[in-house]
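Construct all of the structure, not just a fragment, from the sequences and the given hints.
Residue numbers (UniProt numbering), protein chains in the order written: chain A, 1 to 275; chain B, 1 to 265.
Hints are supplied without guarantee of correctness; some may be wrong.
To be verified - For the chain B half of the interface with chain A, some residues (derived, Cβ under 8 Å), not all of them:
| no. | residue |
| --- | --- |
| 1 | Arg4 |
| 2 | Gln7 |
| 3 | Gln66 |
| 4 | Gln69 |
| 5 | Gly72 |
| 6 | Arg79 |
Because the hints were derived from the structure by calculation, they are not lab data.
In this text, a Cβ means the ideal position worked out from N, Cα and C, and glycines have one as well.
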Amino acid sequence: MLSRTQRDPAALPRLLLSLLALALLWPGIQLSELDLGVLLQADSQSEMGRFVAAFWPPAHDTAFLELLLQATLQTLAIATAGMALALLLAIPASLLASRALSLSAAARGGRPKALAQLLRWPVRGLLIFLRSVPEIVWALLFVRAVGLGPTAGVLAIAITYSGMLGKVYAEIYESVDQRPMHALLQSGSGRLTAFFYGILPNAAAELTSYTVYRWECAIRASVVMGFVGAGGLGQQIDLSLRMFAGGEVASMLLTFLLLVLLADQLSRLLRRRLA
Amino acid sequence: MSLRLTQAALQHGNGVHALRNVDLHIAPGERVAIIGPSGAGKSSLLNLLATALQPSSGELHVLGEQPWQLSGRQRQRLRARIGLVHQAPPLPARQRVVTAVLAGKLGQWGLAKSLLSLLHPLDIPGAQRELAKLDLADKLFAQCQQLSGGQLQRVGIARALYQAPEVLLADEPVSAMDPVLAAHTLSVLCRHAEASGVTLIASLHAVELALAHFPRVIGLRDGQILFDRPAAEVDQAQLDALYANEQLLSPPLSAVSLSLQIPRC
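Pasting the structure below:
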């Protein structure tokens, strides 16, 4: 038996938290009606088999490949333009929402004043609102406003992703070492300058990695939005699925794989440059 | 009047009393060393004087102003005139030495100039000059993560020198350096202070360095000032009282004979 002084004070809370997580998982499984047995039944297996079998061989005639290239470029353009617009809003919002830029926190052991914290809430609220509405809903809205085409997709991505980027950027600023920033504030520099000299060098790799990952997500999202008429690869997949052209769907999925692979390599390259 | 503390106390967030009833007056151009055992409150006192921490009670006057009565903007302007050298300089690992040194002047530069300097260092000769005083000119374009602890400390000092403050505070500025380098670095600091009339206050754990380089020595123990007198008048009895530690008993000599252990691997 361990004596009182040698017992780890963190042991009991850890045990209780693990039990709580397990207790919460069970109703979650019940509510989502998860039943893995269905996958193993014979008729659902043959159904899935037929669906996948139609994907072979991938379509590769010249006319289709030209169409595919066009759609891929459009998808990349939607994702990139959407991200660029999102960054325009996300960067200022993250600076306003982050506790890392607090001047009062530097003199108070990292805790900002209550009033300053209160002022950050409207910005946080805006970011929550922007990302709580799924991009597909924004896309449906904008398709009605600006008509069918990529513009709706760009706007939908810009709005939702600015919410996500702003929130995560603000948290990344808070998660890196705050002492360089505080030291600069304590020698009289302004907050924004102190941020660029004290926080950004440490946060750059994380910020890049998250931004590239979000760009990858934006490519996927633009495809989903293509289904509701927002252009790009998604619209083509939708058309091909309706015409039961499995080979074309397969080609497009392969393109997808390539795009995600590309994003992954880009992220790795940038991280290595910044590490 | 350069610095004045009146009945100042500092209580940390966790309830620990770091400083109690500290009265202190330091005239412009004075050079003062603060010595005392670990945990005596040396860093807290320096942070208080640097306006990095707000006293829980009592008054602080720095350069004729009461920093905690000022608005945030005015306080930042005052802080630009106070330099603080940290024991472990908080520098981003990937930042280059030249940028880290030039960052000393951020309080005086505007936003546009600061950002421009981040893209391309605007005053390379200035940074080089300060680094050269500390025998570190060859590290101008190295990244901070490539430096040793003692080299980083010297980068921190170079930054404070480049800032050219009116009050220079240093928290164990030479703790990671070898004795020769430590003495050299302290003499650089003292010469700089003397030449430009800067008030210099340094906390040191090496008593000999404090007595050798500083005309005035303050002994701090348990958050209170034990003595405050010219270095020439500090005697051994006072130092013994300052560093006395009842908790540390020399371990009883064990009778077990040493057995030679030969690693087998």
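| Against which earlier hints does the structure fall short, listed by number upward? | Hints 1, 2, 3 and 4 are the ones this structure does not satisfy, whereas the remaining hints hold.
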